[in-house]
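A.B. asks: Residue numbers (the working numbering), protein chains in the order written: chain A, 1 to 288; chain B, 1001 to 1201; chain C, 2001 to 2400; chain D, 3001 to 3225.
No lab work stands behind these hints: they were computed from the structure. Take these hints with a grain of salt, some might be off.
No farther apart than 25 Å at their CA atoms in a straight line, the calculated lysine-lysine pairs in the PhoX-like style are these [stated by the list, open to error]:
| id | chain 1 | residue 1 | chain 2 | residue 2 |
| --- | --- | --- | --- | --- |
| 1 | C | Lys2128 | C | Lys2160 |
| 2 | C | Lys2169 | A | Lys203 |
| 3 | D | Lys3187 | B | Lys1086 |
| 4 | A | Lys283 | A | Lys36 |
| 5 | D | Lys3063 | C | Lys2399 |
| 6 | D | Lys3147 | A | Lys282 |
| 7 | D | Lys3147 | C | Lys2239 |
| 8 | A | Lys161 | A | Lys123 |
| 9 | C | Lys2239 | D | Lys3065 |
| 10 | B | Lys1157 | C | Lys2169 |
| 11 | A | Lys203 | A | Lys172 |
| 12 | C | Lys2169 | C | Lys2055 |
| 13 | D | Lys3187 | D | Lys3176 |
| 14 | A | Lys283 | C | Lys2216 |
Derived CB-CB ranges, DEER-like [claimed, not checked]:
| id | chain 1 | residue 1 | chain 2 | residue 2 | range |
| --- | --- | --- | --- | --- | --- |
| 15 | D | Met3036 | C | Cys2084 | 53 to 63 Å |
| 16 | A | Asn5 | B | Lys1025 | 40 to 50 Å |
| 17 | D | Met3036 | C | Ile2369 | 36 to 46 Å |
| 18 | A | Ile25 | B | Val1155 | 18 to 28 Å |
| 19 | D | Phe3014 | A | Thr173 | 26 to 36 Å |
| 20 | B | Leu1197 | A | Asn55 | 41 to 51 Å |
| 21 | D | Ser3055 | C | Glu2240 | 41 to 51 Å |
| 22 | B | Phe1081 | D | Pro3028 | 35 to 45 Å |
| 23 | C | Trp2293 | B | Ile1161 | 48 to 58 Å |
| 24 | A | Phe29 | D | Ser3111 | 34 to 44 Å |
| 25 | A | Leu274 | C | Glu2220 | 38 to 48 Å |
Computed, partial: chain B to chain D, Cβ under 10 Å [unchecked claim]:
| id | residue |
| --- | --- |
| 26 | Thr1016 |
| 27 | Tyr1044 |
| 28 | Leu1074 |
| 29 | Ala1097 |
| 30 | Ser1110 |
| 31 | Ala1125 |
| 32 | Phe1145 |
| 33 | Val1155 |
In this text, a Cβ means the ideal position worked out from N, Cα and C, and glycines have one as well.
Residues per chain are reported as follows:
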Amino acid sequence: MKFVNFINKLDKRWIYLLIALVVIIPFVFPVGCPMKITPPVQSIYNYIEDSIPENGVLLLGVDYDPSTMAELHPMAKALTYHAFYNNVRVLFVTMFPQGSGMGQDIINRTLEHWNSINPDMPKELGKDITLLAYVPGFSAVILKMGENIPATFNEDAYGNKLDNLSVMEGIKTYDDIDYMVEFSGSSVVLSWLIYANGRYNLKMGIGTTAVSAAEYYNYLQSGQANGLLGGLKGAAEYEKLLTDKHDFSGRNDASVGMDAQSAAHILFILLIILGNITFFIKKHQEGK
Amino acid sequence: MAISTNIWIWIAALLTLAIYSFLYKDNPFYKFAEYLLVGISIGYGVSIYWHNTIITKVYNPLVHEKDFLVIIPLILGLLMFSRFFKSYSHLSRMPIAFIVGAGTGLSIPSSFEFLFKQVQGTMPASLDVGNLIIIVGVITTLVYFFFSMEHKGFVGKVSRIGITFIMIAFGAAFGYTIMARISLLIGRIQFLLSDWLGIIK
Amino acid sequence: MKITFFLIFMSVFLFAQDNQGSVPTDSTVISELSFIESFIVSDMGSDDGTALRVKWIFADHTKIKNHIRLYREIESDTARELLCDITTSTNEYIDKNLCREESYRYSLVTLDSVGAEMPGIISTDYIKPKANYFKTNKIILLLMILIYTSVIVILVETVKKGKVLFVRKISGLDTLDEAVGRATEMGRPVLYVPGSSTMSDIATIASLNILGPVAKKIAEYDTRLIVPNRDPIVMTVAKEVVKESYSEAGRPDAYTDNDVFFLTDSQFGYAAAISGIMTREKPATNLLLGMFWAESLIIAEAGNTTGAIQIAGTDAVTQLPFFITSCDYTIIGEELYAASAYLSREPLLMGTLKAQDYFKGMIIFFICIYLIFLIISTIFGGDVSFLNKILEIIKFIFKS
Amino acid sequence: MFIRRTLPLLIAGFFGIAMIIQFFIPHPASRTFYNMVLDWIIIVSAFTYLMAVQSTVELHTTKIKRRVDGWQYSLIVLISLGITAFIGILGGAFTPSTFLMKLIPAFKPSSTSPLMYTYLYMQVPMQSTIFSLLAFYMASAAFRSFKARSFDATMLLLTAAIVTIGRVPLGEFIYKDFPEIVEWILKYPNMAAQRGILIGVELGIIATSLKIILGIERKYLGGGK
Chain A
1 MKFVNFINKL DKRWIYLLIA LVVIIPFVFP VGCPMKITPP VQSIYNYIED
51 SIPENGVLLL GVDYDPSTMA ELHPMAKALT YHAFYNNVRV LFVTMFPQGS
101 GMGQDIINRT LEHWNSINPD MPKELGKDIT LLAYVPGFSA VILKMGENIP
151 ATFNEDAYGN KLDNLSVMEG IKTYDDIDYM VEFSGSSVVL SWLIYANGRY
201 NLKMGIGTTA VSAAEYYNYL QSGQANGLLG GLKGAAEYEK LLTDKHDFSG
251 RNDASVGMDA QSAAHILFIL LIILGNITFF IKKHQEGK
Chain B
1001 MAISTNIWIW IAALLTLAIY SFLYKDNPFY KFAEYLLVGI SIGYGVSIYW
1051 HNTIITKVYN PLVHEKDFLV IIPLILGLLM FSRFFKSYSH LSRMPIAFIV
1101 GAGTGLSIPS SFEFLFKQVQ GTMPASLDVG NLIIIVGVIT TLVYFFFSME
1151 HKGFVGKVSR IGITFIMIAF GAAFGYTIMA RISLLIGRIQ FLLSDWLGII
1201 K
Chain C
2001 MKITFFLIFM SVFLFAQDNQ GSVPTDSTVI SELSFIESFI VSDMGSDDGT
2051 ALRVKWIFAD HTKIKNHIRL YREIESDTAR ELLCDITTST NEYIDKNLCR
2101 EESYRYSLVT LDSVGAEMPG IISTDYIKPK ANYFKTNKII LLLMILIYTS
2151 VIVILVETVK KGKVLFVRKI SGLDTLDEAV GRATEMGRPV LYVPGSSTMS
2201 DIATIASLNI LGPVAKKIAE YDTRLIVPNR DPIVMTVAKE VVKESYSEAG
2251 RPDAYTDNDV FFLTDSQFGY AAAISGIMTR EKPATNLLLG MFWAESLIIA
2301 EAGNTTGAIQ IAGTDAVTQL PFFITSCDYT IIGEELYAAS AYLSREPLLM
2351 GTLKAQDYFK GMIIFFICIY LIFLIISTIF GGDVSFLNKI LEIIKFIFKS
Chain D
3001 MFIRRTLPLL IAGFFGIAMI IQFFIPHPAS RTFYNMVLDW IIIVSAFTYL
3051 MAVQSTVELH TTKIKRRVDG WQYSLIVLIS LGITAFIGIL GGAFTPSTFL
3101 MKLIPAFKPS STSPLMYTYL YMQVPMQSTI FSLLAFYMAS AAFRSFKARS
3151 FDATMLLLTA AIVTIGRVPL GEFIYKDFPE IVEWILKYPN MAAQRGILIG
3201 VELGIIATSL KIILGIERKY LGGGK
């Protein structure tokens, strides 16, 4: 049982090195496995593709901060590109000061990349896409948007008045917003569901980190949300849907990471099995 | 092999390595980076507050649009400053009471409706295997968290089924959390390998 | 008590004043087109007076092949405004965002297959939308709020008067006593981590309620109790709780003040420091009770490697899977509140817990009844109208 | 005594009950009251952020005054907070402010503001890296502490293994309709238990809110007399 003792005395830093290698190697030698689209991701894609009219409005809630950015940023970018393809106006709203930094970063990257790959139909800040100013008050802001959106924010995050922005044309309450997708890793989703969907019947989809994805399946079943993007896998599936339909040559952040994700998952399963084997051997020895 | 020449990418990479040094041992570099992060995030928050909130929601209405109804909440908000003086800090309870009171008042009816939607979702129109599992799962989980009856006999068995349902739910959440934590690591490795060192595309 | 009576009185007053929605002021119909039986417009109930409901019933569906067109006229200017073309399947149109001072008239024209208007028109009288004082469709919601409020208030009052309400003993509390007993036999310290959140978190308050009796038991056996904290306010409250328990156990001198100390406010620094304490002091029992975030993983793993018995308890659903697999016993979610109510018997905690339990019991009851009737109705082929009626009624109670 | 203790509870009680009643009255008068209260909440909460800043600054200033060990790090917090706030307020949040563009002509309206540099190249890397540490801790915990020590833990680890493998492209490679199984587990048993827990938690939140409005619950006002 030398092997068991060796395993137990193994310093945890070796395991840290192992996980780092398992993630780095697939980046240097990408494999690219096939990926099947799960229904909750498909239903968000279908809703944006079919049910949002030309020049409709897609509201994206960026209520996350850099700590969960790795999973939610690719989702928000993929949806923004999808809106650009369908000539849908995109509005970003956030309930945290941190979120506005994230929204600003998405707008910069998507505009820059979009205008570089199709110069013939350029997208403009203030005409097709903008970030609404951060207003504190949390549930009060979500409710106030149900009554009068321009009066809630007065200005967008860049300081220009909402009234003279062409992206805000004809937008007064949630009835003028065709669809909303809320990206968040925390319980902010609950407030949007309770107030925006509950009190003002706003059609909603959810994009969340994998940690809370399992928790939000009951909002799908009860019909409060009509779709769910769960973690990096959800983002990768959405990117795959986009590349199938349009030549989405955006840098697929999520899909690139999928190989490393698979490798790391296999490592985790092995570690748990190995750990349990040594656990049962030790218990067996103590039992004797 | 194009190592980036942008000074800001180098700052970001060095700070990332400073935090990863915590894996080896807790050291001054990690502490410096962590407390620097606390300072910057609050400084950033204050700036966003200043531009997006104090200017747009308080200063402009008052000075430009002469909408003087703003005075009352303004006074209530200024009471918040009383926290800086020990003897008057109790005055800050007024604005807190207003926000918490009005906030809870707004939340109660809508939260009840949210709860009812969940209960209604457990009452499907037709009965198939999936719906049966949902109803049984919800009932047994609720019975497990029922504290007014001793968990013996029949109630004990029902709560036993309930805890099994809960374990399956936690197992699903657990599997998903593994995926989440690894994605965070993948995001950082992507930054170090491509943006900084330029090894991969 | 006066507040609940005020609430009940207020609802009765509102209920009586305006019962089943405002009586719709129908307007008669001038029927020229034979196949439309009735064509009425009425005020939309439970609204702020900006909507009208236009309703029509067809004598027989078969005769109508193509669409019909709806017009609206405002009394002040007689320009007729085209609203929409309607297929024969719908028989109602709700016109929103109207103005309260205006009065409106609706008229109906049939279209032929090509889409041109056929002669003949029906129209209603002018009607002014009315703002209502009470949302009649939300009465059940109001009753539920009033019931829940009064149940909480009544239960909190009865517990204050000293009546003992039954709460089952959480099995986690027995394992807690055994674990503390084990530490006292081995003469090694007990580590109690009250979570990484502030006093505003319910789980932290629950954890401090459990700390009381645990500290009392430890005081009796003269074992060392270590309580590291991440929040200065929680630390001061923990000091008071432990000091009080030691004096209750008759050992005020055995209380060492610097065993309850403030570590650091950084999330991962706190977890790393606790792992250091675990390896240095080698406690026999680790109690991790309260609100935890991602750092729970580090603490639970460190405790595992030192071989101590670990009991965890939190309401953070995302951290529970790690505690269940890493610790010997885990108090899950609301069991933490039940444990703190059971131990502290504090009226506020006990009253609310029992009120939640009764409400939960009601929900369980209704879902069970629904399940039974659903099973019966599927056995009988699912179209028994009597059973469907019952299913509808149960579902109606929770209709939002 | 009245100002300190009962007035806040009266304010909370009045606005709490008023907003509940308002929900049930669709009359335009109640709607204007509702809009007014929402505006007030937004403006007053503009100042609540000060509370968070004040408590952190106070925590670190006391640490420096008392020379607690590690007080140098508190100095770093205060300095970095001051500099970032100074850059942000003067230099503009997302677009360079007019003042900055006059001061340094290099800044055009379209270029990123100095504050965004500190956000994108300092806060983002540090904060996302801190949370990526968790992948390492999970790996070592997966090996050393996640044990099937009871029936419950075994059920949990089994489901976790199925979901972990099924949710990754490699899973489909191993067994064709692995993702369908995972989707079924998530949609039915997992959903049922999550809903049961959610109903319990929601009832707790509503009970706490009612206690706050009725003035029974006072902890939110903070400790002290």
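A.B. asks: Which hint numbers does the structure go against, in order from smallest to largest?
C.D. replies: Numbers 1, 2, 3, 4, 5, 7, 12, 14, 15, 16, 18, 21, 23, 31, 33 - these are the hints that the structure violates, sorted from lowest upward.
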